[in-house]
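Novice: The residues making up each chain are set out below.
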Amino acid sequence: MSNNNSEYLISRKNNQYEIVIGLEVHAQVTSQSKLFSTSATKFGAEPNTQVSLVDAAFPGMLPIINEFCVKQAIKTGIGLNAKINKRSVFDRKNYFYADLPQGYQISQFKNPIVGEGKVILDMPDGQKEVGIERLHLEQDAGKSIHDLDPQNTFVDLNRSGVALMEIVSKPDLRSPDEVNIYIKKLRSIMRYLGTCDGNMQEGSLRADVNVSVRLKGSKELGTRCEIKNVNSIKFMQMAIEYEANRQVDLIEEGKTIDQETRLFDTKKNETRSMRSKEDAHDYRYFPDPDLLPLEVSDSFVEKLKSEIPELPDEKKKRFIEKFNLSPYEATILVSDIETSKYFEDVIKNSDIKLATNWIIGELFAVLNDKNLEIIQSPISAKNLSKLINLIKDGTISGKIAKTIFELMMDGDKDPQKIVEEKGLKQESNPKAIEEIIAKVIKDNPNKVKEYKSGKDKLFGFFVGQVMKISGGKANPQLVNEILKKNL
Amino acid sequence: MSDITKKSLSELVKDIKDKKLSSEEVTKAFIERSEKSKELNVYITEDYASALDKAKKFDQKPNLDLKLPGIPMAVKDLFCTKDIKTTAGSKILSNFVPTYESTVTQNIWNEGAILLGKLNCDEFAMGSSNETSFFGNVQNPIDKNLVPGGSSGGSASAVAAQLTPITIGTDTGGSIRQPASFTGTVGLKPTYGSCSRYGIVAFASSLDQAGPMAQNVKDCALLQEVISTFDSKDSTSIDFKRNDYSKKLTNNIKGKKIGIPKEYRIDDMPKEIEELWQNGIQYVKDCGAEIIDISLPHTSYALPTYYIVAPAEASSNLARYDGVKYGFRAKGENLIDMYEKTRSEGFGAEVQRRIMIGTYVLSSGYYDAYYLKAQKVRKLIKNDFDEVYKKVDAILTPSTPSSAFKIGEKKDDPVSMYLNDIFTVPVNLAGLPGISIPAGHDVKGYPLGLQIIGKAFDEQNILNIAYAMEEKIAFKNKITDWWIK
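Protein chains in written order, with our numbering: chain A, 144 to 630; chain B, 955 to 1439.
Keep in mind that the hints were calculated from the coordinates and are not lab data.
Small disclaimer: the values here were computed from a predicted structure and weren't measured.
Here a beta-carbon is modelled for each residue, glycine too, at the ideal position from N, C-alpha and C.
Do not rely on the hints blindly, as some may be mistaken.
Here are some, though not all, of the chain B residues that point toward chain A, as calculated from beta-carbon distances under 7 Å [stated by the list, open to error]: (1) Tyr1152; (2) Gly1153; (3) Ala1273; (4) Leu1289; (5) Leu1316.
Computed list of chain B residues with no C-beta within reach of chain A, every gap over 12 Å [unchecked claim]: (6) Lys973; (7) Thr999; (8) Arg1151; (9) Phe1194; (10) Ile1245; (11) Arg1307; (12) Lys1409.
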């Protein structure tokens, strides 16, 4: 499906290489409590204040599945157009680490809760489908803190046992750009569903990136390297570019690529070997005997399906069909659930075309400039809607509107009030405009003569003069009409 | 005083309810006898002072509606008890004091019982002779230097020696029934899911089950009805209708169909075990039950299956004892070194052996050949039982292939030790209830037990059969108090 024009290739001498990327995204489930305990999951709490006996793996403590987390995972599966497995199994992944109190992570290995699905990416040159291999539920580990003391490592178990969804893509991604759009799309879908807040700064969304390269046109997959735990899109893109080039260089030098796990060093912008395939952990997966297989009924899944809100792809379709938006405009407006809500709030009482332009144009410029999310917008949907109505009914001109827009940002001011206070109401009284026009004609006899002798371009000069005298408030349409008549 | 400790639980409950005895008198009597019985080494932790306090408090405001009013009781040291050291018989937990109470013990205290102390057991319940305990051997009151069986060896000895009127153990492959058989006491392993595993130090999660150990069947039934509750804190707890087992207890087993599995007639089985079994068959016949020959064809695979499944689960369950959070920690150069030293010094040889076996059978490349295959065989063993339960109501077998052996006799021969569980292990693999009752003596005068295996959730039925047989057998334990100077 991908368009050849945007193909991302690495060139060396006579060879062109294609990158093959698959992602394992770890998305923290939005939930008040952990996957198998009732501890809170709030971000940024004091270390070890959200830890139960279960999370700290005290003797005789047993995990109890959190039904809400199961629902969240199924909802996400539905959002990814994926198969929901009626029966799934929790397994133990065994390894020793100081921040893994049980000595194993409860995960799903052979029988995940969600099977194959797909995600549609809106690329600049069309759509691309990315396959989802599976989604499974698992526990997060705690956090080891190595830099507080020269001798000791500290362990914070607040995160221990928090529910994660691991979403594994098929190796369908071909460029850092596609990775960017894929992650954003996943994030968008989960935010629509309310199943993951997608906050990368807080670690709610992280990914292991599998990268391999192959000669353009080859059907074989190359040997892949897995770059562990990358926590921003920018770093993912940097890591992929570095890693792909490293692999291409090895091939060009006639060397082989070792299948291994690597780490991305964000300071040096390079990936480094963490462990080779030979040193890979033997996790000794086996079904957790403390938990029964997880079985969900058809009606349980159907009920969740009925609770799924309109998702970005459907919303985009509706925006295009119902509101006559361009695919470009629709894609932007649905990309984030809060943006789409803002847009739909604005157009409840105002003109769609104007609202689209104002949001994508002026408002986004401001948000970008100030580095704000739409929910932090200095102008509320209600007041933007009022502003648009003032334009639409001719109370103010588009030009004046821009001035008012600036003023509104100071404390989300009501545009109506600004118009009244500053006297910015558009002059739409023909008599008043005629008076100004008469004055302009009288003051510029030479220009009038030139205009009448055929210099049509001077019309703009007269409009400008009238607007200048009116302080920009004269209704431009009326000015045009009357000028044409009186000149 | 000594008369008090000779009484059964049911008698003590009656005497306290009739105000013939106070909780303090009863508690004092058991403490005094326990104090004189240190040579048996049944206690890991004694809590006598606090027990007396609680008994006095009980007497001040006695609630006689409870099922275990003011009854003192020691419990296996595998049950977590709030603010009381809980060691699981291991060095690695030798300093561990839980801040929480297991559901089973909580149920017991809720019915008015009072904790006397924590009883010795094999380390992490891994053993059949109580010789793997970090806290030393337990003596069987039957004879000096005789093992009490295991893993609930301290519990069995304590009941047999009348240091506690009743107790609880745990049974993963026979750890209640085998020591009950070795000490001439009654031990019930309930259906898997009957008693909550919450707060019990885990050995093998899919097999572990707590159960009562008593001097007679009626006491056993009473404690079972106290400890068996549905518990939402254990995902494998099952919500089924539980009986008042002691109230519904009857010796009328007329017309019950009792299966005799031919596969339990193993090679080299001592003649006295065979005789014991035949006697048992005669007793149930005398009670009006019908004997039916049955076959459980996969029986011979049970022991190898068990010794794959149980160590596999144990190797993972015991990973949490790493010196990081609680319990024993050895000094190490770095994290890995600390792990290695802590676990090498903290776990005994048998526990290490099972962790190694378990780790091996779960390793990639071996998983399918061992663990997965064992799970399939486990299913076949369960199917065997399902099949015969279409024809019979219960199954009668010997509890163990021999009577108790001498301390040290099998210590260096793990396979011979494991063979002790040959009749009990299939019951755990199938998740069924099984009870061992004392049924006779061997030539040395050591007790021998018979096992009655029931359908899942049918504890009442096997308790009734045991009750009826008990009456016929009229077993008398030969205990001389040899350890009391």
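Novice: What hints, given by number in increasing order, does this structure fail?
Specialist: Hint 8 contradicted; others consistent.
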